[in-house]
Amino acid sequence: MEETTSRTLVVIMVATLFIALFGSVATLNKFGGFRGLTGAWGGPGTPVYGAVNLSIQTSIQINFTDDSANFGTGYICPGCTEPVTLSTEGLNDTICNCGWNIPNGFLLENQGNVYVRVNLTNLRSSDTFLGGTNPGYAWKWGNTSGVVCTGTNPQNLTGNITYSNLTAAIADPGLVLCEKFNFTSGNNRINISFKISIPTTAMGTGKNDTWTAKAVGNP
Amino acid sequence: MGEEVSNKLIVILALLVVIVVAVSTWLTVSNLNAIDSQDTKTVTITERVIEGPPSGGRVALAILPQPKETGEQ
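Protein chains in written order, with the numbering used here: chain B, 1 to 219; chain W, 1 to 73.
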């Protein structure tokens, strides 16, 4: 009886010894720990753990890819006494418009790789742009498709859907057109449309207005 | 039944087990500590911002004087 117990103990101990040895070897292999035994651990050529060099390039780039709304040259047809109203969305006065064409509006694109806040300014109001009695110079903007504009300001979420007459120029720093202008493909374009109402009393001359869009990163 | 196993052998084996377990535990713990205390866990993030110029657009038209109606009395 005593002999059997002793033998069992020996078998258990030998098994334990092998299990412990195997566990140690396996664990040390995982950690590369045998180098510690050879003195290599921490010496020259020791791998550098967790060193990460990360370079992020942020490009803030917006661009009017369609930057001209030129109605051309024309006059109010003889016999017409009402203002001629035209818009870049296709509105035309076929009776009283003699010569002006219907251009496209502006197309503003976020070509960078980050959301940006867009501020818009211009130089002229309806009075200083067209002149005459009760001139009309209005603008509006909208999405072409997708989720173009997000942000905390609700008025900027869906775009300005009605024309807004420019009773005064939009001076610097400008109007926040879009709090977070998307940069992802298909969601990065804003249309800006114009409507003009040319009174019969407008001075016959060339008229120009310049719009400027500035972007600041707003990730 | 068979040969008797001496008490000496049992004691030696027991000591061996204790030594192996102790050494392996020490090695494992020291390796874990070495990994934890690596000073070289360096994360360097370099952000380079390229800012484009403002973009501009132009609205234009030219108004000619309204011609006088012909045949006006």
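Misleading hints may appear alongside valid ones.
Distance ranges between label pairs, derived from CB positions [as the list claims (entries may be wrong)]:
1. W:V43 / B:G72: 56 to 66 Å
2. B:T201 / W:I50: 44 to 54 Å
3. B:I102 / W:E47: 41 to 51 Å
4. W:P53 / B:I102: 27 to 37 Å
In case anyone wonders, no lab produced these hints; they're calculated from the structure.
The structure presented is a predicted model; accordingly, all values stated were derived computationally and were not measured.
Just so you know, even glycine gets a beta-carbon here, dropped at the ideal spot from N, CA and C.
We went through each hint and held it up to the structure:
Look at V43 (chain W) against G72 (chain B): about 58 Å separates their beta carbons, and that is inside 56 to 66 Å. Take T201 (chain B) and I50 (chain W): their Cβ atoms lie about 49 Å apart, and the range 44 to 54 Å holds. As the Cβ distance of I102 (chain B) to E47 (chain W) is approximately 45 Å, the hint placing it in 41 to 51 Å holds. Taking 27 to 37 Å as the suggested C-beta distance range, the pair P53 (chain W) and I102 (chain B) conforms, at roughly 30 Å.
Violated hints: none; the structure is consistent with every hint.
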